[in-house]
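Novice: Once you have looked at the hints, place chain H on chain X.
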Amino acid sequence: MAEITPGKAYGFFTDTSVCIGCKACEVACKEWNQLEGNQPTFLDGYDNTGSLDGQNWRYVQLIDNVPDETMGVGQGKAWLMMSDVCKHCQHASCMDVCPTGAIIRTEFDTVYIQPDVCNGCRNCISACPYNVIGVDENRNVAQKCTLCYDRLQGGMEPACAKACPTQSIQFGELSELRARADKRLGDLHAQGVGEARLYGHDQEVYGGLNAFFLLMDEPRAYRLPDAADAVLPRRNNPGSWLTGAATAVLGLLAGLIALRRRGQPPRETPAGADAGEEAGEA
Amino acid sequence: MTLMAQAQHFAGPPHWTWYIVPYFFLAGLSGGCYALATLLRLRGERWDEPAARLGYYAAFATFVPCPVLLTLDLTQPLRFWHMLWNTTPGAQGFNFRYWSPMSVGSWALVAFGLFVTVTFVEVLVRDQVVRRPLALRAVRPLDGTLGKLWILVGALLATFIAGYTGVLLAVSNQPVWSDTWTLGGLFLASALSGSAALLLLLTRYRAEARPSAGAFDIAERLFTLLELVLLVLFALTLASAGTFDEAFGFPWVLLWLLALGGLVPGLRGLFTARLAVTPEGAVVAQSARAVVAMPALVLVGVLALRAAVILSAQF
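Chains X and H supply the protein sequences, listed in that same order. Just so we're aligned, residue 1 is where the first sequence starts under this note's numbering, counting upward by one. Just so we're aligned, residue 1 is where the second sequence starts under this note's numbering, counting upward by one.
Isolated chain H (complex conformation):
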């Protein structure tokens, strides 16, 4: 499908594959979970705190593999620190290139790593999983305004981590990736819907977080709507550049079907249920199968979306 003159692409593929696809997936979930947890803690009710803590646990768990995957993807893994420090003779110093999303993303990942780790320790202490006096003293400064400021800055970094991967792809000369301005937003929206689905799934295994399940359910529907809009814009921009077929042709169409399948639970919810959890109403208790299957479908869709975008441009 071509709406305008086809963009000329002669760039070769960077072969970002089996480490990068899961990295994009996990970084999106980590950023999304942290951002949602912060929203719950700062704007939610008192009884949303267990769900917020669940979000911080999930953010940390999904974050841990990220630096490992990125490092393994380098052809010189032991030089991972060259992302931050320029070793050019005569020009040694910090590397920060604001025009290169990979450079900015490297710093953001380090900073977010600090925030997600400290917050993880904080919730461990608050949940009394860690009871050491040293740990208690260490998290005490996070009790008041400083704590709110800390998670707010962390949430900004988290949002960045969830979406910058799309911008990183766009700032290239690859077909598909460089033909659209939507990837940053698309990956962010997809990360948010995936994170809401993951947290909805996890509330099943943490009873005290269940009162917040309705909020995750509604958030997931709205994020899905946002993702759908961006997905349409993504397809339109590719069609105008003449690379629609490259992105959506066989075999990638199979991945796109999975990605679209991931939108179904959220879109179905938009049409079949109210967009509020009212005091009079409630979250409808669903069968165990539905509770697990629907979020799982969304998460598979989030992964498939990234795989389709990343792989279709390179093969």
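Same shape as in the complex, but just chain X:
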């Protein structure tokens, strides 16, 4: 492991083609970050984690992809497995909406929620397109993967990458990881694995993801939005404010119409006037 230097961009390259779903990353993450985890529940397939949240900063997705009909040998796609994590987006939706300034970009180019600044408004949760952030019920603030900020400051690689037995999770300097990913993709395509593809390695998705992936199916199969749907919350600012302003103007006009004419205080007419009288008088 090369020296970790502040000022350089670091991240994860997660190669799902070699993930075996062992969940060592989940365990190592919880151990290092002292996360108690949620009560295990029986979910679909072998999943008992459910989703990323305030207690699960790594989550191994076990996606049942077993085909209905018998397939040939060596398809390797019966189960899609992916160790999911915060993507540390270059254009991060969570940072886009955070009103307190609690979410910052660190000296390692990662996205970090400062637990002593966050006040738990949960605006970041509504904005994150990857359902990464949750409220840590012990500290009562929004939390997610820190890319082991404290370990990086100590010159150590993140716990999940350290624990991964198949090198599905690789940590390193971003430029080096991208080169590694390109080579791996080329090897897979050369072996005839045409469905392999990279997600987030370039600027198409949120300006590039510091935690990017090699996938074995379309992004949506892993609950990842494709480039067309990877959009920042602020995209809705202009249209929404304009509609509000136009409504305010029309509302003002309506108010003025309601106030027009009245030279003297209107008097009340007796109740029970029929509809015709009402239409004529009111």
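Be aware that a few hints might be false.
[Stated by the list, open to error] Covered stretches of chain X, as calculated for chain H (at least 3 residues, CB under 8 Å):
{"hint": "1", "region": "100-114"}
{"hint": "2", "region": "119-126"}
{"hint": "3", "region": "231-244"}
{"hint": "4", "region": "248-259"}
Hints are computed from structural coordinates only; laboratory data are not their basis. Ideal placement from N, C-alpha and C gives every residue a C-beta, glycine not left out.
Specialist: Leaving out everything else, chain H in the frame of chain X:
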């Protein structure tokens, strides 16, 4: 119902629920009442002043719970002031992020709080509820142009408070909320119609404000029409994004029925009565039941609309 390719949504819900629904409701009414009261005071007749004061009272009463509800909704309520002040080591200073509606809304709420409170004190003094010399001296500067300017700025903030909550929802990646550009306008129109209905209801209990009841009645009808147009646009934008069923499916359809029920009095009025209170005519005196029931129906609709929008995207 889907008109175009369905937008992909994988975002998780922020769990904005039982504090946020009433906050959106009360903030809308507070902003709407202040704006209508200002319109009455600046553009109405001399005899509209009691109704304007009634509007300022209602604006203050509905405003007071708002900061409390917002603070209680935070998972760290004692850090509510972090909305305004950045405590990041090395980056301390005011927080104002114009691109984040929640940040802008926090400042607007503080500013509007000042305006609604000062105006409340002013009407208390003018109504001689408060007679202390200090209070009389304090509101004297608001007698002339400065007073008009004060309520005008307050009304701008009020309008913002009534509508920004819709924009706040839209500036997210949540299904339904982020699929439409109509929410800011829809919430504002709904807040205005709800406020007109509330003030119409309150005029029943304040005799000197009754001459303005007709204006509230007509305003409510027009705001309802505006709300209906925006509601249709809201449904169309969701249909084009493929999230119509999520917003209008069961059980939310029950809330939508209540919301639509709230439009009935205003729309009925549009078809059955003239859009003016003429000197020759008047406001038709209605039965006590109708006077209370119709505005109440509108207010229930305003609340149901917000509940349907807020809850349907999250559950």
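Novice: Tell me the numbers of any earlier hints that the structure contravenes, in ascending order.
Specialist: Violated hints: none at all, because every hint is consistent with the structure.
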